[in-house]
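Colleague: Please construct the entire structure, taking both the sequences and the accompanying hints into account.
Using full-length UniProt numbering, the letters of the sequence shown map in sequence onto residues 1 to 1064.
There could be a bad hint or two in this list.
Straight-line C-alpha distance at most 27 Å; calculated DSS-like pairs for lysine-lysine [stated by the list, open to error]:
{"#": "1", "residue 1": "Lys822", "residue 2": "Lys848"}
{"#": "2", "residue 1": "Lys228", "residue 2": "Lys216"}
{"#": "3", "residue 1": "Lys207", "residue 2": "Lys192"}
{"#": "4", "residue 1": "Lys192", "residue 2": "Lys178"}
{"#": "5", "residue 1": "Lys160", "residue 2": "Lys131"}
The hints are simulated quantities; they were obtained by calculation from the structure and are not laboratory data.
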Amino acid sequence: MDNIMDGRLQAYIQEVESREKCQLDDRKKLEDAVPFSEEQLRKMDSTLKRTTAFMKKLKNVGCVQLASILQDMDKINLSKFVEEMAMTIAEAKIKYNEVQAVVTVCVHLSCYYSEFSPLLLLEFRKLLPLKRNDKIQNPSKLRVDIRLLGELCLHGVFGKEGVQLLGSAVSFLTLTDKTEHINIPILLPFCKTMNVDLFGLHPYSMKQAASTANIKLPETSIISADHKKIFTNLLLDYRSSLVDHIKQDLLEMNQLLLSIKRQTRTRGDASAEDRNHLQETRARYEKILMSGTQLSEYLGVEMETMREEQSEDEEEEVSALELSRALQEGTITIWPDEDTRQFYETKMELRQLVPAILFQESEQRTLDLVEGKIEDVDLSGLDTIVEEAEDEGDDHSESVDDEEVKIDLNEMDPSIALSGIEVPKISGQDLKLMMNAFMEQLPWLINRDLIDKAALDFVTNLNTKNNRKKLCQMMLEQYRNRLDLLPFYGRLVATLEPVMPDLALELSHSLLQQFRTAVQNKTKQRVDLKIRCARFISELVKFGIIPKGEGLSCLRMVLFDFRGHNVDMCCAMVDAMGQFLYRSTDSHGKMKILLGVMMKKRDRINDPRQQMLIDNAFYTCIPPTVEEKPKCESDPFQDFIRYLISNLSRYRMEITVRCLRKLDWSDPVCANYAVECLSNPSLPRYNNVPYLASLIAALSSCHDWIGIRVLDATLEDIRIALELNNPSLNQITLLSVIFLGQLYNYSVCDSPIIFKTLYQLITFGAFDPLLDDWNNLTRIVLVCELLLVCGEYFNVGSAKKKLDCFLAYFYRYLLAKEEAFKAHDIIFPKNVRFRVEEMSDYVRKGIKIPKSFDEAQRVIDGIQQQYKKMVDAALEGKVAQQTEEEEMDEEEEEPRKINCAAEAGGDEDISSSEENVVSIHDENERVRVHTNRVLLPEDELFVRQLEQSKTNAVSVPVSEITVPTSARQKFHRSIAFDIPDASTRDIKSGDILDSGTETRMAILTRGKGNKTVLKAIAMDAPSFLTETWNAQREKERKEFTAHKHITLSMNERMMMDDNESLSE
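Modeller: Have a look at this one:
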């Protein structure tokens, strides 16, 4: 903050100095100027055409015309138009930001024509108001004129007479306006630009910053000190009168505020006239306070503090003030979320979508409006206890006959009931069928788009008087057990109300009459019908169809006789519209009083069910304050682990690996927390996620279970995100997918896991409305990000074939999404398409994406046909050659570039990259390395059988001489008819043998002391022995590959069966 203020201070000082330099340069130019002589004027162009064009430019003088005007001024003889030029400049409509350009023109004209300055000053005397009786005709023009006059005085165009004229104008503006202060918009810009040059005053903020930084602000000497003092006194006196005016407005506003608070405490609310007067006074006060603050800042004076009167220690006033401020700041909103706000406030404008001829007959209102003002609601007498015996039992066991239970609420008032309406015969059979279909479909339109479409359809095709009555009757009488339809009914009525006001009024009058009759009726009736009526009224209040005052009146009715079914009706209304009324500033006060009365009467109710209803309704409006639980002190050791992973970077890899390897991985608490942090890719920065994968690869070299657990956690996060389909999980899912790709890059997992995840992204719940709706493109982005991370390694061998196969299925999924967008007449997002093209070019440069879904399906059909043939061939046992080729492809697969910080390269050594030589072992450090595993009995049996099969495969007849262990190992490594791999043997100079003619063999002899000695010899290998050996090896290899292929085929079929069972 200090640096910002220092920068502003330096910029301000530079601006003041540059302005002063510019003014001094213009003054010196005027002093040294020599006006045009007669001889020079005769040589210049004086044609009427040029002079007329110049005068037109001068009328529109500004920054754009400045260069052209200055250029013409040197070439045109304007000696006969000096007076006209002065009049033109004085009367020109100049923008405030173009004053400096006009000053430049005036300086040049004064240099060329000596009589220009007196003539221009005379014109200003005619325009400026100087006498007390003068009136300001054009305030905007006057604001520019006094600024221009001041600039001309500073730049030397006008002398002492110009300064006196400016002082007279400022005196008129300040001395004649000390009560109403209507001239403040004229004086504020003038003080902002001239405070330093004319008054010698610096802004208050700059003075404070300069005193803090111990810097002296520059002073200008163009205007004399006496003149500066006169200007300063005039404006400071004007500011004092303005502050007095602000205090008077504040006093008036505080008195109105106290009066309204007093009325709210006594009567529940203040009158609308008083509230409007308060709003007008507050707006006037805030406007003049802002002006006073700005004027004080420009004049270098601290503004006095203005404080509003606080509440007279009334709790409801404090809460109302806090609510108003919270609503303005956005910390509290009337609606719980944005979707709810749009549902109740954003409506379809049918007048703009439908031709007027379709609703010309229905837009005329014939019924009376539902009138109900908030201030007319009388809340007195609500605490009175009704002493009459309760006719309605609190228990809900109905003891009346079925005929009595099924009484229609509309029958309570025959004059309002709609069931008795005689529907005239409809002449058009098609219209009748369309209306019946509309009414049958309406209860199943349970989202905003569908109900808006239904409203548009009704206005366009079904807007007749008979159909409107049918619609109103249906909403009142049918599907009474479905309370979920009421919000959509309310939105339908609210959408149709601008073009069919009688529909909304008829429905509102019917519901209110039903409600009043239900409250006054003392006989037993179905409580669910009463609750439905109460909730329907609440929904219409939230849509603005029924006024808030009428909703408060209904609440007052049920609270006055708070017994039996009235309790259920009250709770239903508070639950539906209580929060809306409580958080609305106009109804907050009375709603809070009603809630307080409800909670007081709760103590007199003995029914636990009704007590629970009241509590739920109350806390829906006013949620209980959640006490902040004291934070538990975390383990410092766990904080250290989290710190290491959170601050992971390229340069901290070595120390991080060292510290984590020193952990006690045998401690389950420590190990679980460390793995949990390692499995969270959101802890480090996004750019450091590859280093987290490198860290896991380094730790897995000593504890291989770490990589497995991290991989399981990552795959589980991706699976959960696909199952929940929650938009809030999209970001963490994207990060998990990228982290999985980095784990593959650092050899923590293999390619089958990557391909399984890729297929899972495009197949799990694909195009399911709950899991992967047609407009959900998140999975496409996840696939692209995963392949952009690790797809470069799938370019050779079997991985290349697998990726090509997956891309075909992925393109079909992509084109299916595009077809869905086209079906809904929505353009497919270009950014997603560009991302797919970027990924495709990255993993398969030059690949062509199918242009249509049918083309992609044909590619898929070809792939499936190819694999079907392979399955058939496998069943016939003709897969030996193909399996051999696949193994060779897998061996030729390009190795991944592992840049992990450390890998296990032996018993103790850790290899490192060429760029950063990293060693994670210290000679003096103690590192716990636990590699013990629990072997199951079946694992031990498998290991023994594997060792036995290896021994039988490579053993050869050996002499009966007892061979030492070390010699036997050397013997097993040496005896072979194969050509040894150059990468696995030590090549020494002089030991290079011709592999085509000689074979290295080993022979056992007895040396000195009858000791067994193993000697290596080179001899010619018999051709028949070599051929026999190689044939045997080839036979065994073919058998092994055949068994392997059969095993893999069985495994794939089992996985397909499992997937089918899961999908079912």
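Colleague: Hint by hint, note whether the structure agrees.
Modeller: How the hints compare with the structure:
1. Lys822 x Lys848: holds, 21 Å
2. Lys228 x Lys216: This hinted pair holds, its Cα atoms lying about 19 Å apart.
3. Lys207 x Lys192: holds, 15 Å
4. Lys192 x Lys178: Distance ~20 Å between Lys192 and Lys178 Cα, so the pair holds.
5. Lys160 x Lys131: holds, 20 Å
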